[in-house]
Amino acid sequence: MDSEDVKENRVPFSNRSEWSDIKPVPQDDGPNPVVVIDYKDEFVETMDYFRAVYMADERTPRSLDLTREAISLNPGNYTVWQFRRLILEHLNVNLHEELQFMDQIATKNPKNYQIWHHRRWIAEKLGVGAAHKELEFTRRVFSQDAKNYHAWSHRQWVLLNLGCWEDELSYCDELFNDDICNNSAWNQRFFVVTKSPLLGGLDVMRDSEIMFTIKAILAKPGNESPWRYLRGLYQNDAKSLLNDPRVASVCTEVLLGGSQYVHALNLVLDALIHQFQPGEDLKGAIEAVYSSLDLPDSTSDSELAKRVCFILEKVDPIRASYWHWRKTTIPSQAL
Amino acid sequence: MGELEVEKHAKYILAVEKKKDDFQSVVMEHLRLNGAYWGLTTLDIIGKLDAVNSDDVVSWIMQCQDESGGFGGNIGHDPHVLYTLSAIQVLALFNKLDILDTEKVANYIASLQADDGSFAGDIWGEIDTRFSYIAICSLALLHQLDKINVEKAVKYILSCQNVDGGFGCIPGGESHAGQIFCCVGALAITGHLHLLDKDLLGWWLSERQVKCGGLNGRPEKLPDVCYSWWVLSSLIMIDRIHWIDKPKLVQFILDCQDKENGGISDRPDDAVDVYHTYFGIAGLSLLEYPGLKPIDPAYALPVDVVNRIFLSS
Chain A
27 MDSEDVKENR VPFSNRSEWS DIKPVPQDDG PNPVVVIDYK DEFVETMDYF RAVYMADERT
87 PRSLDLTREA ISLNPGNYTV WQFRRLILEH LNVNLHEELQ FMDQIATKNP KNYQIWHHRR
147 WIAEKLGVGA AHKELEFTRR VFSQDAKNYH AWSHRQWVLL NLGCWEDELS YCDELFNDDI
207 CNNSAWNQRF FVVTKSPLLG GLDVMRDSEI MFTIKAILAK PGNESPWRYL RGLYQNDAKS
267 LLNDPRVASV CTEVLLGGSQ YVHALNLVLD ALIHQFQPGE DLKGAIEAVY SSLDLPDSTS
327 DSELAKRVCF ILEKVDPIRA SYWHWRKTTI PSQAL
Chain B
56 MGELEVEKHA KYILAVEKKK DDFQSVVMEH LRLNGAYWGL TTLDIIGKLD AVNSDDVVSW
116 IMQCQDESGG FGGNIGHDPH VLYTLSAIQV LALFNKLDIL DTEKVANYIA SLQADDGSFA
176 GDIWGEIDTR FSYIAICSLA LLHQLDKINV EKAVKYILSC QNVDGGFGCI PGGESHAGQI
236 FCCVGALAIT GHLHLLDKDL LGWWLSERQV KCGGLNGRPE KLPDVCYSWW VLSSLIMIDR
296 IHWIDKPKLV QFILDCQDKE NGGISDRPDD AVDVYHTYFG IAGLSLLEYP GLKPIDPAYA
356 LPVDVVNRIF LSS
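The listed protein sequences derive, respectively, from chains A and B.
Start counting the first sequence at 27; every next residue gets the next number (the numbering used here).
Start counting the second sequence at 56; every next residue gets the next number (the numbering used here).
In isolation and in its complexed conformation, chain A is listed as follows:
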């Protein structure tokens, strides 16, 4: 039953014989309300009846139905949700049925905190058996919005507490096929690689993950996420990263591509500042970019890091102050 059903088929509570014993309780906004709200009639009536059963602490099937109606009208009202939980516990309701209700209202309210929290509460009670269904549910949410933060928190919680890690890495791949720029999927990949009990951890996975990330970078070098992922694989040690010839090579290739090279250059800069010694190919690629822009003439090898900063100030002007500051952190030997 969604809010449209409620409107069409709705019989006012005052006409429902099963509610004839209840005196509805109006919203108390105090004697001089700060802000005066004009409420819609059916909402008023439903909430007035809700208040009556809430204050009487009536935990019955009819009050359970009432919370369903109230939620359908306004799923953000957390007090209704909390009372619903008390009723569900008291009546010992089959929580699989409750999950069905959740499935119905979730599609219209994908970012509602109360709905996600209620779902978590149910899943906790159902335990390990709920894992698969919960992962399926978040998958459906992601088909509408692959970056829904609540859904990702829920999915991570399910994996950590209920298990079911087997297909997670390949699910990340699916999401990347839809959108290689999905930062949530990149975060999830890191989560899986570092926390999955089935994969062996970061040290084991590092090599293959570098290969994977390089492919993603080549597909779209301006995509921020794989560059961060790459740094994550080496715990932000840029020098060790660049000492991997595959990484140096992809930076070179991106630079030679002539565009979308800010992230590549930034990584090279980090490494240079930490005494990384670039090979001729990479040096040549940097020089090629430098000379393609209208920048101060300079031929000295020892000023490579400084020249990288000049490039970045020019091609990423919105962060000019940041790149300017980076120049000041270049140790004199690296200049």
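Because the hints were derived from the structure by calculation, they are not lab data.
Accuracy of the hints is not assured; some may be wrong.
[What the hints assert, rightly or not] Here are the simulated lysine to aspartate or glutamate pairs, EDC-like style, with alpha carbons at most 16 Å apart: (1) B:Lys-276 <-> A:Glu-250; (2) B:Lys-276 <-> A:Asp-205; (3) A:Lys-340 <-> B:Asp-300; (4) A:Lys-246 <-> B:Glu-275; (5) A:Lys-151 <-> B:Glu-181.
On a predicted model such as this, the values are computed, not experimentally measured, just so you know.
Model the placement of chain B on the given structure of chain A, informed by the hints.
Just chain B, lined up with the frame of chain A:
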């Protein structure tokens, strides 16, 4: 260059919930305390707080308090830290914190700390770094931080730090500007900012600025005015505000105004609401836009209000 339509925004906030048959107003009923904080803090920043009857507000707020000591979003609602912080903040605006049974409120908040140092939002147990910030900010404003285990709270927050320097809502959660604000704010208030890699985080935050000058909350997402607060206040707390292009951000926020009817929206030409009006104006205050009271980036209250709490005897 646009201009901030201060008069229009004041009118908008004062009239916001008087619209007839507006379902948006109706569904906000349970979180009106948050709405009061957004609206009233905005009015204070633009120098128009006296347009509101403080006695009415204060007496309404106190009716939102539950016997547990916590506050609900409105009269008759269950307590939650979200509304408890808003209650404390609004009372602070009106210099009426002394009306509170501080011990009682502090005990409610402290009871929500878990063994690992994290905080639940209420007795139902949802854990989120937002609640760590809320608990710490609330207790600090009440001078009751010693009611919780601060070291454990800090330890939990740091466990939510990601390799990119940002923070998520739980350990392993994607770095998100809103969560970052909460974690950085909590660390600032408890004096633990030195535990951050400010350069790394500062860079992540500066990358939130997109071509049009607005800020997003995560890589590859659209800019939204509310990130003018979450990202900006974080940058200020770690002394890296100069890493973004300030004039461009000012222009973005000004472009999000409804210049006819008042109010600010998430991005240009969208519908306005009180939430984005507050964050847009608070963001402009952080950017030192002329005519606005300065706002404290950690407590999210005007600086004079914070000084009144911490500097007077």
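Outcome of the hint check:
Between B:Lys-276 and A:Glu-250, the direct Cα distance comes to roughly 11 Å. Compliance with the 16 Å bound is thereby established for this hinted pair. For a cut-off of 16 Å, the pair hint linking B:Lys-276 to A:Asp-205 stands: about 12 Å separates their Cα positions. Proximity of A:Lys-340 to B:Asp-300 is assessed by CA-CA distance (about 14 Å); at most 16 Å being required, the pair is judged to hold. Proximity of A:Lys-246 to B:Glu-275 is assessed by CA-CA distance (about 13 Å); at most 16 Å being required, the pair is judged to hold.
Between A:Lys-151 and B:Glu-181 the alpha-carbon distance is near 14 Å, which keeps this suggested pair within the 16 Å criterion.
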